[in-house]
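Asks: Since the structure of chain A is provided, determine the placement of chains B and C on it from the hints.
What follows is each chain in one-letter form.
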Amino acid sequence: MAGTIQVERISKYYNRNRPDEVRALSEVDLTIAAGEALAVNGASGCGKTTLLGLVGCMSRPTSGSVLLDGRDVSRLPERFLGDIRRRTFGFIFQQLNLIKSISVLENTLLPLYPGKLSMKEMKIRAERILARFDLTARAGVKVSRLSGGEQQRVAIARALIHQPQVIIADEPTAHLDSVLAAELLDILDELNREGKTVLIATHDPFVSNHPLINRVIRMRDGRIVD
Amino acid sequence: MIRLLKILEFALSSLARRKFKNFSIIVVYSFTIAVLASVLLLTHSLKKMAMDVLVDGPDIVVQRLSGGRHDLIPADYSGIIEKIPGVGRVQPRVWGYYYDSLNHTNYTMLGIDEERQRFVMVDGKAPADDDQCMIGQGVAGAQHAETGMDLLLIDGNGIGYSCEISGVFKAASDLWTNDLVLFTKDALRRFFAMPDGLATDITVEVFNAREVPQVAQKIKRLLPDTRPITIDEILHTYESIFNWRSGLMLTIFTSSLIAFSILAWDKATGISGEEKQEIGILKAIGWDTGDVLTLKLCEGMVISATSFLVGVSMAYAHVFLLDAPLFVPVLKGWSVLFPRFHLVPYIDAYQIIVLGFLTILPYMASTVLPSWKAAITDPENAMRGV
Amino acid sequence: MILHPGILALLLGAFVSLVLIFFAALAGVKIIVHWDPSSSSAEQLLLERTTYLISTIVGLVLCFSLFSGLLFLYTTDDIHPLFIGAMCATGTLNANPIGWNVLLIKGIIFFLASLWVIFNAIDQHCEDTPLVRKKYAALLILTPLLAMDLVLQFRFFSGLHPERITSCCGSLFATGSGTAAGELAGLPPATTMVVFYATAFIWLCTVLFCLGKRAGWLRLLLFLESLLLLPLSLISVISFISLYVYQMPSHHCPFDMIQKNYSFIGYPLYIGLFVGILFGLVPGIGRVLGKTTSLKREIEKRERKWLLSAFVFFSLFLVLSSWPILFGKFQLFPQ
Numbered sequence: 003m004a005g006t007i008q009v010e011r012i013s014k015y016y017n018r019n020r021p022d023e024v025r026a027l028s029e030v031d032l033t034i035a036a037g038e039a040l041a042v043n044g045a046s047g048c049g050k051t052t053l054l055g056l057v058g059c060m061s062r063p064t065s066g067s068v069l070l071d072g073r074d075v076s077r078l079p080e081r082f083l084g085d086i087r088r089r090t091f092g093f094i095f096q097q098l099n100l101i102k103s104i105s106v107l108e109n110t111l112l113p114l115y116p117g118k119l120s121m122k123e124m125k126i127r128a129e130r131i132l133a134r135f136d137l138t139a140r141a142g143v144k145v146s147r148l149s150g151g152e153q154q155r156v157a158i159a160r161a162l163i164h165q166p167q168v169i170i171a172d173e174p175t176a177h178l179d180s181v182l183a184a185e186l187l188d189i190l191d192e193l194n195r196e197g198k199t200v201l202i203a204t205h206d207p208f209v210s211n212h213p214l215i216n217r218v219i220r221m222r223d224g225r226i227v228d
Numbered sequence: 342m343i344r345l346l347k348i349l350e351f352a353l354s355s356l357a358r359r360k361f362k363n364f365s366i367i368v369v370y371s372f373t374i375a376v377l378a379s380v381l382l383l384t385h386s387l388k389k390m391a392m393d394v395l396v397d398g399p400d401i402v403v404q405r406l407s408g409g410r411h412d413l414i415p416a417d418y419s420g421i422i423e424k425i426p427g428v429g430r431v432q433p434r435v436w437g438y439y440y441d442s443l444n445h446t447n448y449t450m451l452g453i454d455e456e457r458q459r460f461v462m463v464d465g466k467a468p469a470d471d472d473q474c475m476i477g478q479g480v481a482g483a484q485h486a487e488t489g490m491d492l493l494l495i496d497g498n499g500i501g502y503s504c505e506i507s508g509v510f511k512a513a514s515d516l517w518t519n520d521l522v523l524f525t526k527d528a529l530r531r532f533f534a535m536p537d538g539l540a541t542d543i544t545v546e547v548f549n550a551r552e553v554p555q556v557a558q559k560i561k562r563l564l565p566d567t568r569p570i571t572i573d574e575i576l577h578t579y580e581s582i583f584n585w586r587s588g589l590m591l592t593i594f595t596s597s598l599i600a601f602s603i604l605a606w607d608k609a610t611g612i613s614g615e616e617k618q619e620i621g622i623l624k625a626i627g628w629d630t631g632d633v634l635t636l637k638l639c640e641g642m643v644i645s646a647t648s649f650l651v652g653v654s655m656a657y658a659h660v661f662l663l664d665a666p667l668f669v670p671v672l673k674g675w676s677v678l679f680p681r682f683h684l685v686p687y688i689d690a691y692q693i694i695v696l697g698f699l700t701i702l703p704y705m706a707s708t709v710l711p712s713w714k715a716a717i718t719d720p721e722n723a724m725r726g727v
Numbered sequence: 021m022i023l024h025p026g027i028l029a030l031l032l033g034a035f036v037s038l039v040l041i042f043f044a045a046l047a048g049v050k051i052i053v054h055w056d057p058s059s060s061s062a063e064q065l066l067l068e069r070t071t072y073l074i075s076t077i078v079g080l081v082l083c084f085s086l087f088s089g090l091l092f093l094y095t096t097d098d099i100h101p102l103f104i105g106a107m108c109a110t111g112t113l114n115a116n117p118i119g120w121n122v123l124l125i126k127g128i129i130f131f132l133a134s135l136w137v138i139f140n141a142i143d144q145h146c147e148d149t150p151l152v153r154k155k156y157a158a159l160l161i162l163t164p165l166l167a168m169d170l171v172l173q174f175r176f177f178s179g180l181h182p183e184r185i186t187s188c189c190g191s192l193f194a195t196g197s198g199t200a201a202g203e204l205a206g207l208p209p210a211t212t213m214v215v216f217y218a219t220a221f222i223w224l225c226t227v228l229f230c231l232g233k234r235a236g237w238l239r240l241l242l243f244l245e246s247l248l249l250l251p252l253s254l255i256s257v258i259s260f261i262s263l264y265v266y267q268m269p270s271h272h273c274p275f276d277m278i279q280k281n282y283s284f285i286g287y288p289l290y291i292g293l294f295v296g297i298l299f300g301l302v303p304g305i306g307r308v309l310g311k312t313t314s315l316k317r318e319i320e321k322r323e324r325k326w327l328l329s330a331f332v333f334f335s336l337f338l339v340l341s342s343w344p345i346l347f348g349k350f351q352l353f354p355q
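First to last, the sequence lines map onto chains A, B and C.
Residue 228, in my numbering, is where the first sequence stops; the numbers in between run on with no holes.
Residue 727, in my numbering, is where the second sequence stops; the numbers in between run on with no holes.
Residue 355, in my numbering, is where the third sequence stops; the numbers in between run on with no holes.
Same shape as in the complex, but just chain A:
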């Protein structure tokens, strides 16, 4: 099954060879099996977000390599990464990163614009996914008018519209109350059961202890400690 991620000895420096050089990750090794649900734990600034960004093809490592289903993507030109990112990953961000001034439906469609699907096929997909998250009635409403929970669900719907193999969530519960957090984790659990790989960065013990999570790794100062 697709969705295996191998991270081999990756390091990431920011502002390399300058006085303000920052080493965000050093020599991290990690293998995530397809269908696994993994939580990355650690204090803020420990390199969690950087690791997720590298795995999710948002940026390239300074050294080391990232293999997606055996294919090394760490040296690909940026123009190929966008495509891979779209096809493989669904992102759920800490700040939901929704465009507030457009409707729920339009937000959900956003990732599909650069692809090959026709507008009609895009809408069919979006309707299906909105129905799944109980948002059909809200499809035409501007995101700024939605409640926090609804916004959360729109963000998830958008992350899933591409039918990605891997869900990457960065501190997804940081701004949520416990009810919403539970609801979110239930959804992730459901997706994981469908066979999707789930990768969550969090320092919230509620997440790490959730039955969804198969494995927890801890990070400190850009390294995996256990």
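Calculated directly from the structure, the hints in this document are not laboratory data.
Among the hints, a few may not be true.
[Claimed, not checked] Keeping only pairs whose Cα atoms sit at most 20 Å apart, straight-line, the calculated DMTMM-like set for lysine to aspartate or glutamate is:
1) C:K233 - C:E320
2) A:K125 - B:E350
3) A:K122 - B:E350
[What the hints assert, rightly or not] Here are some, though not all, of the chain C residues that point toward chain A, as calculated from beta-carbon distances under 8 Å:
4) P57
5) S58
6) S60
7) S61
8) A62
9) L65
10) E68
11) R69
12) Q144
13) E147
14) T149
A virtual CB, placed ideally from N, CA and C, is assigned to each residue, including glycine.
Replies: Just chains B and C, lined up with the frame of chain A:
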């Protein structure tokens, strides 16, 4: 292709969301285009009208020179010219200008004999005797004159002269008839106090257009005191005047366009925080630099195309429906050449391409760099909420 | 110097294109020097992102150059009444012969910029972008060409003196006028016709062979044949095709046919010729450049389309130019 259309659709909705900012750009942009387009349409139309008049005119006009200045020409020169092979009709013309100090207008007075049937009468008939005249529609309008009334003029000897208006005529181009008053040749000679046997100039028709220069040379040789002017030379002079005028005005207005491009640059560079954040989101959810760049260029194209359409329509209305009121002060120089008239609508692909080059090209060029700068936003930024 | 709206537009366009391509070339030099695909430094990332800017600029410049070629012909045609003796664009071009060089430069820019855009697109589909350095080196050729375009146009228009009596297509393309163009027009139409149709036939056959076989030498042959066929086609337009289009036994002008009087037949005719030849050149160049596996794969994916385009577009040219010969009332050779 599908991708492009979809991104274009997104660009449209994204422009619509930032109504105020984009609307203000479109207003300024279309106004600049409207000004440029007005200059082009106006000069092209004037040129076209003048050409239409000239093309119907004689192939050669023969003037007499005396002391290097235009002088009256003996009418019997036409007999000599007629004998040149290839020459058709040769006609001495009697014409001149008259300034009506009462109405502060200039008239062109033309003597006609047998060619009177060439004029399309709106009212009345051609002058039957030397005490009658007919006037163009423009003159009729300006003077509130109509058939049967008398036209009061001061003749070449300073004596009052009145003649009955026998009819009003019209012609294809306003340029031609607006200031025209027609008399019989004898009446006009008397009016201008012109000696008998002399004419203002002689028109020559040449059967084969290619022979015009040779005929002109022969006339010059046979009648050394004359100056034959060929239609090509007149066209050429008109071309020079019109091109020069419109070129000069365009140069001035192009500088205003460049100023606009700087504004556009400024607007596009100063991408708002909100817009920047949006681009970050798009990049994070899988749009790549090329997609965002396409989006930005589409936006630029939509703005250009909209402004272009609006601007050209505004110019069309300004020039052809309102007769270019904004340019009247600039065009004062022309009023010597042409009195009041209505412009004939005339627009072609060439003008559109020239306008596009002068307006869309600098705009697109000035938005490339800012668009690219916006497009290379790092996707990771969105993750960190920067 | 003539202040004419079209001339202002052309000079402005050439200037803007030059400024754009100059920046692109500067960025290109940086890429040539510092490009290192194995590095993941911020500098390399910026270079990668710069390639988007350069592609966009060259695309725009190509687009501008197409319109500017059209505008140039229109303008030279529009101002012909300024020159005594000129009856169409040819007369204006003769009033200052630099104009012919402007046309030549514009032609070269069209071909180079199109090829650049085509191969850039291919290169960007390869993960290892094997053509990077070659591409940006080619930009360094395109830049001086655009500079020449601006300078020559400026010299052409500023050197036009309306008082000058010029000769027009009637005399330039008149047989026995002693000019090179006159020589072309004076070529015996029958011989030219045979040579042209024979070459065109061989060219079309080569295209078909290329469609059937993968042999590299066939593509190279097609490339050379295209190089030969382009001037030959232009000569044929002057020598005999124009005669049939205008239905006049001595009117050889290659520009009149883009005018309304001839229902703009010149546009599809020249588009067919230039695009057909362009796609005839591409497969050969692809064979020479396609050394890496990734490039080979991308080129093979597209080659069929190129060859078909070449065939279709050139056939359009052939049909349009042969139509009046076969079906027109005008006959050059009385039977």
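Asks: With reference to the structure, classify each hint as holding or not holding.
Replies: Here's how the hints hold up against the structure:
{"no.": "1", "hint": "C:K233 - C:E320", "verdict": "holds, 12 Å"}
{"no.": "2", "hint": "A:K125 - B:E350", "verdict": "holds, 14 Å"}
{"no.": "3", "hint": "A:K122 - B:E350", "verdict": "holds, 13 Å"}
{"no.": "4", "hint": "P57", "verdict": "holds, 7 Å"}
{"no.": "5", "hint": "S58", "verdict": "holds, 7 Å"}
{"no.": "6", "hint": "S60", "verdict": "holds, 4 Å"}
{"no.": "7", "hint": "S61", "verdict": "holds, 6 Å"}
{"no.": "8", "hint": "A62", "verdict": "holds, 7 Å"}
{"no.": "9", "hint": "L65", "verdict": "holds, 7 Å"}
{"no.": "10", "hint": "E68", "verdict": "holds, 5 Å"}
{"no.": "11", "hint": "R69", "verdict": "holds, 7 Å"}
{"no.": "12", "hint": "Q144", "verdict": "holds, 6 Å"}
{"no.": "13", "hint": "E147", "verdict": "holds, 6 Å"}
{"no.": "14", "hint": "T149", "verdict": "holds, 6 Å"}
Checked against the numbered hints above, the structure violates none of them.
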